[in-house]
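Here is how the chains run, residue by residue.
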Amino acid sequence: MSEGSHDLLLDRLIHEPARLAILTVLSSVSAADFLFLQRATGLTKGNLSSHLTKLEAAGLVMIEKRFVDKKPNTSVALTPVGAERIAVHWGQLERLRRLAGAPAEG
Amino acid sequence: MIILVGVSNLQRRPGAPVLLGVVAGGLALSWVACRLIARYYREHYGEVTPTKRRTQRHAVALVAWVAVLFVGGSKFLFWSPDSPVCVYAAAFALATLVYYAILVGLRTHHVVIWGSLLVVGLLPVWGGLGLDRDPVAMMVAGLALMASGLLDQRLLGRAFGSPTGLTLESRHVGG
Chain A
1 MSEGSHDLLL
11 DRLIHEPARL
21 AILTVLSSVS
31 AADFLFLQRA
41 TGLTKGNLSS
51 HLTKLEAAGL
61 VMIEKRFVDK
71 KPNTSVALTP
81 VGAERIAVHW
91 GQLERLRRLA
101 GAPAEG
Chain B
1 MIILVGVSNL
11 QRRPGAPVLL
21 GVVAGGLALS
31 WVACRLIARY
41 YREHYGEVTP
51 TKRRTQRHAV
61 ALVAWVAVLF
71 VGGSKFLFWS
81 PDSPVCVYAA
91 AFALATLVYY
101 AILVGLRTHH
111 VVIWGSLLVV
121 GLLPVWGGLG
131 LDRDPVAMMV
141 AGLALMASGL
151 LDQRLLGRAF
161 GSPTGLTLES
171 RHVGG
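Keeping their order, the protein sequence lines are chains A and B. Counting from 1, position 105 in the first sequence corresponds to residue 105 in our numbering; the numbering is continuous, with no gaps. Counting from 1, position 162 in the second sequence corresponds to residue 162 in our numbering; the numbering is continuous, with no gaps.
The shape of chain A in the complex, shown without the other chains (with noise of 0.2 Å):
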């Protein structure tokens, strides 16, 4: 494999359609709360757990438990590494949209 395709190689614990889902939603707040992630994902609520579980495991994400108006909440954000890791990922993606839009080299 040459050097080019080792920089377009994709990060397979974020390219998982739900935690890339997961992951996308999470960049555009400071956090979410269980719920609203199960809401924008239209993951279920075990299938949510096992990939956030998963993400907190890899340091991508902060998991926080706590109660709200005597009721348990599960508060998600991305920690730095996560955030990171994401804007690197969209824009692998990007680049390989790109390319496939580019005519072949001959």
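The set of hints was computed from the structure by calculation and includes no laboratory data. Watch out, some of these pointers could steer you wrong.
[Said to hold, decoys possible] Partial list, computed: chain A residues near chain B (C-beta under 7 Å):
hint: 1; residue: Val29
hint: 2; residue: Ser30
hint: 3; residue: Ala31
hint: 4; residue: Ala32
hint: 5; residue: Asp33
hint: 6; residue: Leu35
hint: 7; residue: Phe36
hint: 8; residue: Arg98
These figures come from a predicted structure and were not determined experimentally. The beta-carbon is built from N, C-alpha and C at its ideal position, and this holds for glycine as well.
Let chain A serve as the given structure and place chain B on it in line with the hints.
Frame of chain A; chain B shown alone:
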């Protein structure tokens, strides 16, 4: 609230005790409605903390709204009690259009509702109302705001799906 301000500024308003009751009742109703609406959104759509950039944008939109309504409207437009047009209605509509354009981008219903109020405000049909012109315009603006809010909610519902699909239990995961 805007409707209440309009009612309390009418020349042919009800007597002081009735007006006090209407304003106090209206304020209480507004407060309860605000709490219930906030709770509804929290429980059905969840909560987000906006980014700093988003908060700044909101502040800019608010400043622009005030500037267009109170500074632009009074400074650059003809604002006289005898005028057959209603500058207040037109300025309110324009200010709200600017506010939405900065904050979220204009949607079709924003343009239709606020564009209509802008046009109606500039039509020479307000002369007969005399000093009641601006209070009536406030009440119309209040109704327009309610209609605009309801259509915003409809748009949100379409984007996020039915609010009945998820319950309060969904707000939390794990132990």
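Hint check results:
1. Val29: Since the shortest Cβ distance to chain B is 4 Å, the answer is holds.
2. Ser30: holds (4 Å)
3. Ala31: holds (4 Å)
4. Ala32: holds (4 Å)
5. Asp33: holds (5 Å)
6. Leu35: holds (3 Å)
7. Phe36: holds (3 Å)
8. Arg98: Result: violated, 26 Å to nearest chain B Cβ.
In summary, the one numbered hint that this structure violates is 8.
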